[in-house]
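In order, the protein sequence lines correspond to chains A and B. Okay, so the first sequence: first residue is 42 according to my numbering, each after it adds one. Okay, so the second sequence: first residue is 42 according to my numbering, each after it adds one.
Worth flagging that the hints you see were computed from the coordinates, not collected in a lab. Take the hints with a grain of salt, since some may be wrong.
Same chains, same label: a pair holds when it works inside one copy or across any pair of copies.
What the hints assert, rightly or not - In silico DSS-like cross-links for lysine-lysine, where the CA-CA straight-line distance does not exceed 27 angstroms:
1) Lys247 to Lys224
2) Lys247 to Lys89
3) Lys110 to Lys48
4) Lys48 to Lys108
Only a predicted model underlies this, so the values are computations on that prediction, with no experimental measurement involved.
Number of protein chains: 2
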Amino acid sequence: MKSAIPKVTVQRLPVYLRCLESLPSGQRRVSSDDLATLAGVNAAKVRKDLSHLGSYGVRGVGYDVDKLKLQIGLELGLEQDWAVVIVGIGNLGRALANYAGFEERSFRIVGLFDADDQKVGQSLDGLTIEPMSRLPEVVAEQGARIGIVTTPAHAAQQVADLLADAGIRSILNFAPTVIKAPKGVDVRRVDLSTELQVLSFYLHRKG
Amino acid sequence: MKSAIPKVTVQRLPVYLRCLESLPSGQRRVSSDDLATLAGVNAAKVRKDLSHLGSYGVRGVGYDVDKLKLQIGLELGLEQDWAVVIVGIGNLGRALANYAGFEERSFRIVGLFDADDQKVGQSLDGLTIEPMSRLPEVVAEQGARIGIVTTPAHAAQQVADLLADAGIRSILNFAPTVIKAPKGVDVRRVDLSTELQVLSFYLHRKG
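The whole structure should be built from the sequences, with the hints applied where relevant.
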């Protein structure tokens, strides 16, 4: 039986996957040192993380790139197709609806919702923006399990509760506020200023 | 003399700051256990991370919330005002130009640039979209050090090189491609699908 994978390792798996995909096509092997450099962690951590997947490099040879991509993808559930709805179709909602990276990663946007009647009915990347009242129906029909919240802060909690009632089990919150997770639902918040703050740290240190 | 702060700690400082800000206003103390729960790490790690800042909680009392916010902000260089330019004013560029979270964090957007003549001259949140030819001038005038790249993938490397030539020292890349860092410039990539992949992991595990 496979043991539980630590949270911190789970966080790094998408990073390793992205690094593996950035290797020149045709490169069949990668060392833990090279992967560590690309991912910005140390090599011992890479080996430890990947050992949780039952993946071990061969000394002096490294890891098989294709096999490792496949293993990480399987672990992340990316062989499966995830249906996603987006609520709040402002600039960020539009940007995410068009984000090419999602489909590559098995995330299929199946519904766009907005509370603004002016936006309802508009077409975007092959989908029509629908009113909030249609949310439960679309989530059920499409078997959506993931919801992205890109509303203004004041609407985010109510929207999260509606998503949970509709059957959504995971919420990615881009609204600049903290959402209380409805029962049985995971909420992750994305704060777009986090990475800028990390940059700021290093600039600050350089003086 | 203060020792170097480990990279992984730097990554978590913005998370702690956000957690501290999510506490009810008026709460003056927080334990490492509570902060750990909010941040999704373990309490020993919180204490270790904060000790790098010279910040130690008092047993049974915890950390002083305001003092800790101040210390983290100082460490991240947030007492300083950072001038930021954005290149590529599609939906994501617009969303970031309007992102309220940036100004709260001392990041002031001072220039918006696009290669598309149709967009140049449009007004957005008090700024006018300018042609790429104006980039060096605006960066110099405003003392901008941080550049955000929200162009299509094929344009990202060229834009990064132009930013570096203009004097930008840190680049945040949202384009879905890997940028080779110009000399003397830090590049960080934001992959918006990373968090979705972490959600997918947990959904997949739940079955």
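Broken hints, by number = Per hint list: zero violations.
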